[in-house]
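There are 2 protein chains.
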Amino acid sequence: MSTTKSSNITFHGANVTQAEREGILGQKGAVVWLTGLSASGKSTIARRAEQLLLARGVTVYVLDGDNVRFGLNKDLGFSPADRTENIRRIGEVAKLFAEACTITLTAFISPYRADRDAARAIMPAGTFVECLVEASVEVCEGRDPKGLYKKARAGQIPEFTGISAPYEAPAAPELVLRTADLTVDQAAEALIAHLIEKGFIAA
Amino acid sequence: MSTTKSSNITFHGANVTQAEREGILGQKGAVVWLTGLSASGKSTIARRAEQLLLARGVTVYVLDGDNVRFGLNKDLGFSPADRTENIRRIGEVAKLFAEACTITLTAFISPYRADRDAARAIMPAGTFVECLVEASVEVCEGRDPKGLYKKARAGQIPEFTGISAPYEAPAAPELVLRTADLTVDQAAEALIAHLIEKGFIAA
Chain A
1 MSTTKSSNIT FHGANVTQAE REGILGQKGA VVWLTGLSAS GKSTIARRAE
51 QLLLARGVTV YVLDGDNVRF GLNKDLGFSP ADRTENIRRI GEVAKLFAEA
101 CTITLTAFIS PYRADRDAAR AIMPAGTFVE CLVEASVEVC EGRDPKGLYK
151 KARAGQIPEF TGISAPYEAP AAPELVLRTA DLTVDQAAEA LIAHLIEKGF
201 IAA
Chain B
1 MSTTKSSNIT FHGANVTQAE REGILGQKGA VVWLTGLSAS GKSTIARRAE
51 QLLLARGVTV YVLDGDNVRF GLNKDLGFSP ADRTENIRRI GEVAKLFAEA
101 CTITLTAFIS PYRADRDAAR AIMPAGTFVE CLVEASVEVC EGRDPKGLYK
151 KARAGQIPEF TGISAPYEAP AAPELVLRTA DLTVDQAAEA LIAHLIEKGF
201 IAA
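So the sequence lines, in the order shown, correspond to chains A and B. Okay, so the first sequence: first residue is 1 according to the numbering used here, each after it adds one. Okay, so the second sequence: first residue is 1 according to the numbering used here, each after it adds one.
If we strip away everything but chain A, and leave its shape as in the complex, we get:
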């Protein structure tokens, strides 16, 4: 054993600062937290925004049910405690992605204000963008791409947000996308315009 060499191993002075990381990668990390009813358009808008951001060379990632519920959170069910833990973990993972300077889009119903506020609270100030994807229950039920509203009305899905469980809309979201009045591209472009305006990515 070389004392000199092994003592190097404990040297911790070389960590990268957030400003250095941002400067090198040319973007700042943000969490765009899309919230809204089932079928309001959260995932679709997030996926389209991801595609458009990537085309700009932006490092971006979408967290949604497809990649979280069957992986990280596969041990969680739908009890109130598990729903809260589901959102807590998503918030923590989104925070890590944002630290890596990745534009992070989360697409979950996340109906409870307290859960969303907890996700905001762990982020550096100004880096959490709460985005209400707004559509009425009637509009969402009219779309019903997965037949979930139909099942909920038939009583086959208990505590379905908007039907038999509450949706607590954000009091002061940074962004509102009314999807009855917007195409997917318009909604995605509005999201991207917000990121540019706030300086997370270059114009």
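Treat the hints as calculated values from the structure; they're not laboratory data. These figures come from a predicted structure and were not determined experimentally. Don't take every hint at face value.
Identical copies go unnamed one by one, so any copy, or any two together, can satisfy a pair.
Using 25 Å as the maximum straight-line C-alpha spacing, the simulated DMTMM-like pairs for lysine to aspartate or glutamate come out as follows [to be verified]:
(1) K74 - D64
(2) K74 - E85
(3) K198 - D64
(4) K74 - D117
(5) K150 - D64
(6) K146 - E159
(7) K198 - E174
(8) K151 - D64
(9) K151 - E141
(10) K150 - E168
(11) K198 - D117
Guided by the hints, dock chain B onto chain A, whose structure is given.
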């Protein structure tokens, strides 16, 4: 409600493929899973490799105790079940980062082969790089930067890896870094050379 517009919302044909993402970002996602005794040098090597990779313009992120234990996994203790769940979640999060094409370095003792194999099993073939950060208990105990070995010898830390709990070394790691014989820079450069050789990043 415009039927045309709202029907757009359910359009899901625009998802980005992994190959498209890799092509645009100019790098492929990988998980470099550093495993080894406490004070073997895992975090130090990971942090130095992160700095050197960033200097190359590579998007990279380190998952270690500092950003995981007090956030995502703050609900977990040190029981056998909680240790396994700790590593399971880290593996799932690393997988998400790799899907985003980020070079992901994890720095955890992760003493159990079954836990590491489970992290490997969820990754696409060839994208999990098990990296043994090798140093004997004697070498690590000689470093002991946090005084943990001293406490473990005094019986103040139960089930301490290498002292009172086993370390199951990888049978066939992709990479071995013997830190008694390497400087931090040499170890970090060896890790980066492996990433280049395997085509995850450009030379």
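For each hint, the structure was consulted:
1. Proximity of K74 to D64 under the C-alpha cut-off of 25 Å is found in both arrangements, the shortest distances being 13 Å within a copy and 22 Å between copies.
2. With identical chains, the CA atoms of K74 and E85 are at most 25 Å apart both within one copy (12 Å) and between copies (12 Å).
3. Within a single copy, K198 and D64 get their C-alpha atoms as close as 24 Å, which meets the 25 Å cut-off; across copies the closest is 30 Å, which misses it.
4. Both within a single protomer and between protomers do K74 and D117 lie at most 25 Å apart by alpha-carbon distance, with minima of 23 Å and 18 Å respectively.
5. Taking identical chains as interchangeable, the C-alpha atoms of K150 and D64 lie at most 25 Å apart only when both belong to the same chain, with a minimum of 22 Å there against 45 Å between chains.
6. With identical chains, the CA atoms of K146 and E159 are at most 25 Å apart within one copy only, with a shortest distance of 17 Å there and 49 Å across copies.
7. Proximity of K198 to E174 under the C-alpha cut-off of 25 Å is restricted to the intra-copy arrangement: shortest distance 11 Å within a copy versus 42 Å between copies.
8. Proximity of K151 to D64 under the C-alpha cut-off of 25 Å is restricted to the intra-copy arrangement: shortest distance 22 Å within a copy versus 43 Å between copies.
9. For the homomeric pair K151 and E141, the shortest alpha-carbon distance inside one copy (11 Å) is at most 25 Å, but the shortest distance between copies (61 Å) is not.
10. In this homomeric assembly, K150 and E168 come within 25 Å of each other (Cα to Cα) only inside a single copy, at 22 Å, whereas the closest approach across copies is 52 Å.
11. For the identical chains of this complex, K198 and D117 are intra-copy neighbours only, at 20 Å inside a copy versus 42 Å across copies, given an alpha-carbon limit of 25 Å.
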